[in-house]
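**Student:** Start from the sequences and build out the full structure, keeping to the hints where you can.
In terms of the working numbering, the sequence shown opens at residue 33 and continues consecutively.
Hints in this document: simulated from the structure, not taken from any laboratory.
A hint or two may mislead.
[To be verified] With a Cα cut of at most 35 Å, we get these calculated DSBU-like pairs of lysine-lysine:
| no. | residue 1 | residue 2 |
| --- | --- | --- |
| 1 | K119 | K158 |
| 2 | K58 | K158 |
| 3 | K161 | K58 |
| 4 | K171 | K63 |
| 5 | K58 | K119 |
| 6 | K171 | K158 |
| 7 | K119 | K161 |
| 8 | K170 | K63 |
| 9 | K119 | K63 |
| 10 | K170 | K119 |
| 11 | K161 | K171 |
| 12 | K171 | K119 |
| 13 | K170 | K58 |
| 14 | K158 | K170 |
| 15 | K171 | K58 |
Being a predicted model, the structure only gives us computed values, none of them experimental.
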Amino acid sequence: MTAITPCLWFDNQAEQAATFYTGIFKNSAIKQVSYHTEAGSVLTVAFELDGQAFTALNGGPVFRFSEALSLQVYCDTQDELDHYWEKLSAGGDPNAQQCGWLKDRFGVSWQILPSILPGLMADSTKSGKVMAAMLTMKKLDIAQLLNH
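**Tutor:** Below, the structure is given as structure tokens:
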């Protein structure tokens, strides 16, 4: 079976990030940690978030995260959306919060979205009003989106 596993490049916080993320999402765990030849220095961390495999790599200060790639979390309820928003935004960049997007404490961009959003945006009678409402929000409000 072919599997697609995102690899997240950190300077030196791969293990901390994996621990942070697995503490937020249900059905999540750190699966394996591999080390550099130097004792105690983590190279990669294999982990799962709600069954989706990820790798975190300590690659040094060569590359930075950007909004060009974000991880989308689709939520069925406002409580679920609020939970992920609160946990992932804690310690992150408040200036990067807009239209359901946030940047966490490690610089990774996330979109915390209602699962109904694709359907609302596909409806030509609603999409313009829904987009206009979204542009006024940081964290998305499902009830407000449904009222447009």
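**Student:** Could you run down the list of hints and mark each one as holding or not?
**Tutor:** Hints, verified against the model:
1. Taking the CA atoms of K119 and K158, the gap is about 30 Å. The hint holds against a cut of 35 Å.
2. Taking the CA atoms of K58 and K158, the gap is near 33 Å; set against the 35 Å cutoff, the hint holds.
3. With a C-alpha separation of about 33 Å, the suggested pair K161 and K58 falls inside the 35 Å cut-off, and the hint holds.
4. The suggested pairing of K171 with K63 holds, with an alpha-carbon distance near 31 Å, which does not exceed 35 Å.
5. Simply put, K58 and K119 have alpha-carbon atoms about 13 Å apart, close enough for the 35 Å limit, and the pair holds.
6. Taking the CA atoms of K171 and K158, the gap is near 20 Å; set against the 35 Å cutoff, the hint holds.
7. A threshold of 35 Å between alpha carbons decides the hint, and for K119 with K161 the separation of about 29 Å falls inside it, so the pair holds.
8. A threshold of 35 Å between alpha carbons decides the hint, and for K170 with K63 the separation of about 33 Å falls inside it, so the pair holds.
9. Note on K119 and K63: the hinted pairing holds, with a Cα-Cα distance of about 22 Å set against a maximum of 35 Å.
10. Distance restraint check for K170 and K119: the Cα-Cα separation of roughly 15 Å lies within the 35 Å cut-off, and the hinted pair is therefore satisfied.
11. Between K161 and K171, the direct Cα distance comes to roughly 17 Å. Compliance with the 35 Å bound is thereby established for this hinted pair.
12. With a CA separation close to 12 Å, the supplied pair K171 and K119 stays within the 35 Å bound.
13. Annotation: proposed proximity of K170 to K58 holds, straight-line Cα distance about 24 Å (limit 35 Å).
14. The suggested pairing of K158 with K170 holds, with an alpha-carbon distance near 20 Å, which does not exceed 35 Å.
15. Restraint check: the Cα-Cα separation between K171 and K58 comes to about 21 Å, which is no more than 35 Å; the hinted pair holds.
In summary, this structure violates none of the numbered hints.
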